[in-house]
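Peer 1: Given the sequences, and given the hints that come with them, work out the whole structure.
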Amino acid sequence: MNYNEILSEHKIVRVVTRRIRTRYPRLYGKNSRLAEHRYGREFSILEIYTDKGAHGFGEGRCTEENKDLLLGKKVSEVFDVNKGMLLNPKFSGAFDVPLHDLAGKILGIPVVDILSLGRDVKPIEQANCYDGAIYMNDISPDTRPGGVEEIIRNCQYDWDVCGFRAFKVKVGRGGMWMDHDEGLRRDIEVMHEIKKHFPNARLLADANDAFTLEDTEKFMDACKELDLYWLEEPFLESVDGFSRLREILAKYSPKTLIADGEFQYDMPLLHELCEKKLIDVLLMDTCTYGITRWREIMPKLKEYGVLASPHNWPFKMKTHYGAHLAAAFPDLVPTIEGVPDETEGVEFDKYIINEGFINVPKAPGFGMDLIWGFLQEEYNI
Numbered sequence: 001m002n003y004n005e006i007l008s009e010h011k012i013v014r015v016v017t018r019r020i021r022t023r024y025p026r027l028y029g030k031n032s033r034l035a036e037h038r039y040g041r042e043f044s045i046l047e048i049y050t051d052k053g054a055h056g057f058g059e060g061r062c063t064e065e066n067k068d069l070l071l072g073k074k075v076s077e078v079f080d081v082n083k084g085m086l087l088n089p090k091f092s093g094a095f096d097v098p099l100h101d102l103a104g105k106i107l108g109i110p111v112v113d114i115l116s117l118g119r120d121v122k123p124i125e126q127a128n129c130y131d132g133a134i135y136m137n138d139i140s141p142d143t144r145p146g147g148v149e150e151i152i153r154n155c156q157y158d159w160d161v162c163g164f165r166a167f168k169v170k171v172g173r174g175g176m177w178m179d180h181d182e183g184l185r186r187d188i189e190v191m192h193e194i195k196k197h198f199p200n201a202r203l204l205a206d207a208n209d210a211f212t213l214e215d216t217e218k219f220m221d222a223c224k225e226l227d228l229y230w231l232e233e234p235f236l237e238s239v240d241g242f243s244r245l246r247e248i249l250a251k252y253s254p255k256t257l258i259a260d261g262e263f264q265y266d267m268p269l270l271h272e273l274c275e276k277k278l279i280d281v282l283l284m285d286t287c288t289y290g291i292t293r294w295r296e297i298m299p300k301l302k303e304y305g306v307l308a309s310p311h312n313w314p315f316k317m318k319t320h321y322g323a324h325l326a327a328a329f330p331d332l333v334p335t336i337e338g339v340p341d342e343t344e345g346v347e348f349d350k351y352i353i354n355e356g357f358i359n360v361p362k363a364p365g366f367g368m369d370l371i372w373g374f375l376q377e378e379y380n381i
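FYI, the numbering for the sequence shown is 1 to 381, going by this note's numbering.
Source of the hints: derived by calculation from the structure; they are not laboratory data. The beta carbon of each residue, even a glycine, is placed where N, CA and C say it ideally should be. Some hints here could point you the wrong way.
When the alpha-carbon atoms are kept at most 25 Å apart in a straight line, the in silico SDA-like pairs for lysine to any residue are as follows [what the hints assert, rightly or not]:
1) Lys251 x Thr288
2) Lys255 x Thr288
3) Lys300 x Thr288
4) Lys350 x Asp369
5) Lys300 x Lys251
6) Lys255 x Asp221
Quick list of the computed label-pair ranges, beta carbon to beta carbon [what the hints assert, rightly or not]:
7) Asn2 x Val161: 23 to 33 Å
8) Asn380 x Leu213: 47 to 57 Å
9) Thr212 x Leu117: 42 to 52 Å
10) Lys122 x Val161: 30 to 40 Å
Peer 2: Here it is as structure tokens:
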């Protein structure tokens, strides 16, 4: 079956941008460089319609300036099942995800099957998924900080209700929210308290670039018994800094992985770090970097011996996109970021997290349905 020929039979005739809202189950507090992440947020989704009645949607936006890149085009002119989006990568955040969903809906197959085309690795049916919502609620909000016990309550909720068995914990309090030394002590205390209450949980730590090299060494020394799965963005990446970081981890926690590439990533530098074996997991965003570019870079990562875990914050729909990447590339994506939330107007009950794993639905596209969103922009032929 020639999938691209099938896509060529569909012409894009309508594009609609809507605003939808996600709600968190609690206040998501500070990280090392940002104040409270609030109780939820709004974001844009793009719907794409064809002349044959097909419809796909996902995070994105179409504007007056870029609508002609889609309108009137055959789907095969803007999307190739073997590559992904055919437009300039600068439009990844606008079109990439909805085009993957549209192609899956037209072809009647899940996105994971599109991503798996030509691969000699069999896709999996569920992906390992960690909790990305353990923020600094011990010091949030300023008016009524919850203390370390609040973080334990957050973990308990996400363990019991959400089904997670791994926690990525925000550290770096001494960067701007607490006295430097006191903040580092609290970071260490939080990690140990979580492990004490959840001895079987996998722990990851994310400093959002707030540590110094000295902080990193003190932190890893104090946490060497916790068997951290990875240390994420301890400080701004550099060859010299990450060479020293590799030495620190070899000394205190040899199995701990170096994860980086989420924040203001410099791809030439990241490639250099990969070549020099100074990074273990790349974290570029699922949507803004784009599924297409993730598909393109995966063979190179295999050559480097480097893993991938696309960044999925700040809403659950991105976790679902990432689940398809993880299922299609099980040899390269060991785990993905989960976001506990409820998204208004989107039906995604086909996705279930149980015992730390998220299933990947067999439904066409990403297996989600749009019920309603606030109309923002609409363009038709």
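Peer 1: Now tell me, hint by hint, if it's right for this structure.
Peer 2: Structure-based check of each hint:
Taken as a hint, the Lys251 and Thr288 pair is broken in the structure, with Cα atoms around 36 Å apart against an allowance of 25 Å. A threshold of 25 Å between alpha carbons decides the hint, and for Lys255 with Thr288 the separation of about 30 Å lies outside it, so the pair is violated. Of the supplied pair hints, the one linking Lys300 and Thr288 holds, its CA atoms being roughly 20 Å apart against a limit of 25 Å. Of the pairs offered as hints, the one joining Lys350 and Asp369 holds, with about 10 Å between alpha carbons and a cut-off of 25 Å not exceeded.
For the suggested pair Lys300 and Lys251, the alpha carbons sit about 29 Å apart, so the restraint of at most 25 Å is broken. Distance check on the hinted pair: Lys255 and Asp221 sit about 14 Å apart at the alpha-carbon level, within 25 Å; holds. Between Asn2 and Val161 the C-beta distance comes to about 45 Å, which lies outside the given range of 23 to 33 Å. For Asn380 paired with Leu213, a C-beta distance near 56 Å keeps the hint of 47 to 57 Å intact.
Our hint of 42 to 52 Å for Thr212 and Leu117 holds, since their Cβ atoms are close to 45 Å apart. Roughly 32 Å separates the CB atoms of Lys122 and Val161, a value that falls within the hinted 30 to 40 Å.
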